[in-house]
Amino acid sequence: MSDPMRIRLQSQAGLTTVKVLMSHEMESGQRRDEDGKIVPIWNIQDVSASLNGRVVMTAEWGGGVSKNPFLQFVIKGTKSGDKVSISWRDSRGDSRTDEALVA
Amino acid sequence: MLTNRRDVLKRSALIAGLMLESLGYIKSAGAYQQKAFDAKSVLELYKSLGLSMPTESKLITLTTPEIAENGAVVQVAANTSIANISRWIFMVEKNPVPLIATFNITEDITPAITLRCKFAQTSDLIAVAQLSDGKVFYAKREVKVTLGGCGG
Numbered sequence: 002m003s004d005p006m007r008i009r010l011q012s013q014a015g016l017t018t019v020k021v022l023m024s025h026e027m028e029s030g031q032r033r034d035e036d037g038k039i040v041p042i043w044n045i046q047d048v049s050a051s052l053n054g055r056v057v058m059t060a061e062w063g064g065g066v067s068k069n070p071f072l073q074f075v076i077k078g079t080k081s082g083d084k085v086s087i088s089w090r091d092s093r094g095d096s097r098t099d100e101a102l103v104a
Numbered sequence: 002m003l004t005n006r007r008d009v010l011k012r013s014a015l016i017a018g019l020m021l022e023s024l025g026y027i028k029s030a031g032a033y034q035q036k037a038f039d040a041k042s043v044l045e046l047y048k049s050l051g052l053s054m055p056t057e058s059k060l061i062t063l064t065t066p067e068i069a070e071n072g073a074v075v076q077v078a079a080n081t082s083i084a085n086i087s088r089w090i091f092m093v094e095k096n097p098v099p100l101i102a103t104f105n106i107t108e109d110i111t112p113a114i115t116l117r118c119k120f121a122q123t124s125d126l127i128a129v130a131q132l133s134d135g136k137v138f139y140a141k142r143e144v145k146v147t148l149g150g151c152g153g
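Taken in order, these protein sequences are the chains called A and B.
Taking this note's numbering, the leading residue of the first sequence gets 2, the next gets one more, and so forth.
Taking this note's numbering, the leading residue of the second sequence gets 2, the next gets one more, and so forth.
Derived by calculation from the structure, the hints in this document are not laboratory data.
Honestly, I wouldn't trust all of these hints.
Straight-line C-alpha distance at most 20 Å; calculated DMTMM-like pairs for lysine to aspartate or glutamate [as the list claims (entries may be wrong)]:
{"no.": "1", "chain 1": "A", "residue 1": "K68", "chain 2": "B", "residue 2": "E70"}
{"no.": "2", "chain 1": "A", "residue 1": "K84", "chain 2": "B", "residue 2": "E108"}
{"no.": "3", "chain 1": "B", "residue 1": "K41", "chain 2": "A", "residue 2": "D95"}
{"no.": "4", "chain 1": "A", "residue 1": "K80", "chain 2": "B", "residue 2": "D109"}
{"no.": "5", "chain 1": "B", "residue 1": "K95", "chain 2": "A", "residue 2": "E28"}
{"no.": "6", "chain 1": "B", "residue 1": "K36", "chain 2": "A", "residue 2": "D47"}
{"no.": "7", "chain 1": "B", "residue 1": "K41", "chain 2": "A", "residue 2": "E28"}
{"no.": "8", "chain 1": "B", "residue 1": "K136", "chain 2": "B", "residue 2": "E70"}
{"no.": "9", "chain 1": "B", "residue 1": "K36", "chain 2": "A", "residue 2": "E61"}
{"no.": "10", "chain 1": "B", "residue 1": "K48", "chain 2": "A", "residue 2": "E28"}
{"no.": "11", "chain 1": "A", "residue 1": "K80", "chain 2": "B", "residue 2": "E108"}
{"no.": "12", "chain 1": "A", "residue 1": "K77", "chain 2": "B", "residue 2": "E108"}
{"no.": "13", "chain 1": "A", "residue 1": "K77", "chain 2": "B", "residue 2": "D109"}
{"no.": "14", "chain 1": "A", "residue 1": "K20", "chain 2": "B", "residue 2": "E108"}
{"no.": "15", "chain 1": "A", "residue 1": "K84", "chain 2": "B", "residue 2": "D109"}
{"no.": "16", "chain 1": "A", "residue 1": "K20", "chain 2": "B", "residue 2": "D109"}
{"no.": "17", "chain 1": "B", "residue 1": "K36", "chain 2": "A", "residue 2": "E28"}
Quantities reported herein were computed from a predicted structural model and do not represent experimental measurements.
Based on the provided sequences and hints, a complete structural model is requested.
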């Protein structure tokens, strides 16, 4: 099981800025180890965000996203107490979901 | 010819590795657009995503550092005032794998997306906005990289 994501929400006038920091190696599949062998790709492939259980954004990522990925986006029409949840699934089939409440 | 034991072992380890790799490929080949992430050039990428050639638009704003000291972590942001955007495609033109990420934009979020990505060398960031009517627009912006972010 991987480390939890850090999710920070900032709300203003019904707009919530979501900042997510995920904990993942994001191996690009381009790097070589000391023996000159290519380190196999290992990356987050699918990301989805939902507001109170309704999907508001999905994404597909390759190995070009930085290690310990940072993502920021803005959800419209939010109010206090709304639940934002973020999920990812990686190329090894591991996944993780974390949640945060709009203040 | 594989004459000694060491060579045979090496070869079988290689074959086992290849088999594992192909299994991984099958596993991840569901909705995930593996083909697009295999594309080695921007042109190939447009084709595999089924996009027509995009036209440049001034209505797309990219925020990138002019110079990145460390290509492994470059924060880029895209926004647009074009209405009805349904998908963002982020790519770094000169990376070995140009496609970084695609984002499906619903009407519940704004088009503003920020992401940290890797630059193998000095390159253009290209952000393509696909609209719900199928039209495609792009903007690009160069990031100078002093230390690459992919490979050794």
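Hints, one by one, checked against the model:
Straight-line distance between C-alpha atoms of K68 of chain A and E70 of chain B comes to about 16 Å, which keeps the hinted pair within the 20 Å bound. For the suggested pair K84 of chain A and E108 of chain B, the alpha carbons sit about 18 Å apart, so the restraint of at most 20 Å is met. A C-alpha spacing of about 27 Å is found between K41 of chain B and D95 of chain A, which places the hinted pair above 20 Å, so the restraint is violated. Distance check on the hinted pair: K80 of chain A and D109 of chain B sit about 13 Å apart at the alpha-carbon level, within 20 Å; holds.
As the CA atoms of K95 of chain B and E28 of chain A are separated by approximately 18 Å, the hinted pair is consistent with the 20 Å bound. Straight-line distance between C-alpha atoms of K36 of chain B and D47 of chain A comes to about 15 Å, which keeps the hinted pair within the 20 Å bound. Between K41 of chain B and E28 of chain A the alpha-carbon distance is near 17 Å, which keeps this suggested pair within the 20 Å criterion. Restraint check for K136 of chain B and E70 of chain B: not satisfied, since their Cα atoms lie roughly 35 Å apart, outside the 20 Å limit.
Of the pairs offered as hints, the one joining K36 of chain B and E61 of chain A holds, with about 12 Å between alpha carbons and a cut-off of 20 Å not exceeded. Under the criterion of a C-alpha separation no larger than 20 Å, the hint pairing K48 of chain B with E28 of chain A is inconsistent with the structure, at around 26 Å. For the suggested pair K80 of chain A and E108 of chain B, the alpha carbons sit about 16 Å apart, so the restraint of at most 20 Å is met. A distance of roughly 8 Å separates the Cα atoms of K77 of chain A and E108 of chain B; the hinted pair therefore holds under the 20 Å criterion.
About 5 Å separates the Cα atoms of K77 of chain A and D109 of chain B, which keeps this hinted pair within 20 Å; it holds. About 19 Å separates the Cα atoms of K20 of chain A and E108 of chain B, which keeps this hinted pair within 20 Å; it holds. As the CA atoms of K84 of chain A and D109 of chain B are separated by approximately 14 Å, the hinted pair is consistent with the 20 Å bound. The suggested pairing of K20 of chain A with D109 of chain B holds, with an alpha-carbon distance near 16 Å, which does not exceed 20 Å.
In summary, the hint linking K36 of chain B to E28 of chain A is supported, as the alpha carbons are separated by about 18 Å, within the 20 Å threshold.
Of the numbered hints listed earlier, those contradicted by the structure are 3, 8, 10.
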